[in-house]
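*Asks:* Sequence:
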Amino acid sequence: MVLLSADEALDLVVMILVVGYLFKDVFRRPSVPQVLTMQQSGDGSYRLGEQYLDVGAYLSSSQSVWRRDLLFSVAVTAPAIVFHELAHKYTAIMLGLGATFHASYGGLLLGIFMKHFLGFIAFVPGFVVPRGVTTPLGMALIAFAGPALNLVLWLTSTFALRKNLLARHMQVLYLTSEINKILFILNMLPVPFFDGFTVYTNLFRALF
Numbered sequence: 026m027v028l029l030s031a032d033e034a035l036d037l038v039v040m041i042l043v044v045g046y047l048f049k050d051v052f053r054r055p056s057v058p059q060v061l062t063m064q065q066s067g068d069g070s071y072r073l074g075e076q077y078l079d080v081g082a083y084l085s086s087s088q089s090v091w092r093r094d095l096l097f098s099v100a101v102t103a104p105a106i107v108f109h110e111l112a113h114k115y116t117a118i119m120l121g122l123g124a125t126f127h128a129s130y131g132g133l134l135l136g137i138f139m140k141h142f143l144g145f146i147a148f149v150p151g152f153v154v155p156r157g158v159t160t161p162l163g164m165a166l167i168a169f170a171g172p173a174l175n176l177v178l179w180l181t182s183t184f185a186l187r188k189n190l191l192a193r194h195m196q197v198l199y200l201t202s203e204i205n206k207i208l209f210i211l212n213m214l215p216v217p218f219f220d221g222f223t224v225y226t227n228l229f230r231a232l233f
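Mapped onto the numbering used here, the consecutive letters of the sequence shown carry residue numbers 26 to 233.
Keep in mind the hints are simulated off the structure, nothing from the lab.
Misleading hints may appear alongside valid ones.
[To be verified] Ranges of calculated distance between the beta carbons of each label pair, as one might list FRET restraints:
id	residue 1	residue 2	range
1	I137	S30	24 to 30 Å
2	R193	A231	41 to 47 Å
3	P215	A147	14 to 20 Å
4	L211	R187	20 to 26 Å
5	A103	V154	37 to 43 Å
6	M119	H141	38 to 44 Å
7	F233	L143	38 to 44 Å
The beta-carbon is built from N, C-alpha and C at its ideal position, and this holds for glycine as well.
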């Protein structure tokens, strides 16, 4: 079985680039690269600490600001959305089902429209279509796989921040933590068309 078809790979690339473009002005790389640290305050909470400027790295860069911001946006958004969708797909495959990833071209176009004309963004970038018959518990597991992956990325990036690991990439880690936290919480809401709704309704069917 092909784990990722050529059409799926193309859809992933399109989704990654469009989502990176949509959030290019939200998640911007600093005009001068920074090295951040996480510092623990007296109440036990954590915050971004001192900033150390790497001017040499910035001056040696020949990328345009637009391209630099796009690549930075892709770097912080792609892992969250790509691994989320692939978690759905491969969980379905492990349960003996077929599963195909599709970029939501309508959703991506809606996101572009909202970015330019409404000033905010709300859209579905992609989705996975399982093929075959499984139990309600199986459907709940497939639906939960995506948010569960976001939970793992959220917790691991938060751990790295608190331990001051990968100091040169603290901003990426911080944004990765925040993005995956938001995706996990939103996707687990019991709202139709959200993963959480599928999880809870199928768990209810499995139990009762």
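*Asks:* Work down the list of hints and note, for each, if the structure agrees.
*Replies:* Evaluation of the provided hints:
1. I137 with S30: 24 to 30 Å: 26 Å Cβ-Cβ, so the 24 to 30 Å window holds.
2. R193 with A231: 41 to 47 Å: holds, 46 Å
3. P215 with A147: 14 to 20 Å: Check passed, 18 Å falls within 14 to 20 Å.
4. L211 with R187: 20 to 26 Å: Hint holds: Cβ distance 24 Å, inside 20 to 26 Å.
5. A103 with V154: 37 to 43 Å: violated, 21 Å
6. M119 with H141: 38 to 44 Å: The hint (38 to 44 Å, Cβ to Cβ) holds, given that M119 and H141 are roughly 40 Å apart.
7. F233 with L143: 38 to 44 Å: holds, 41 Å
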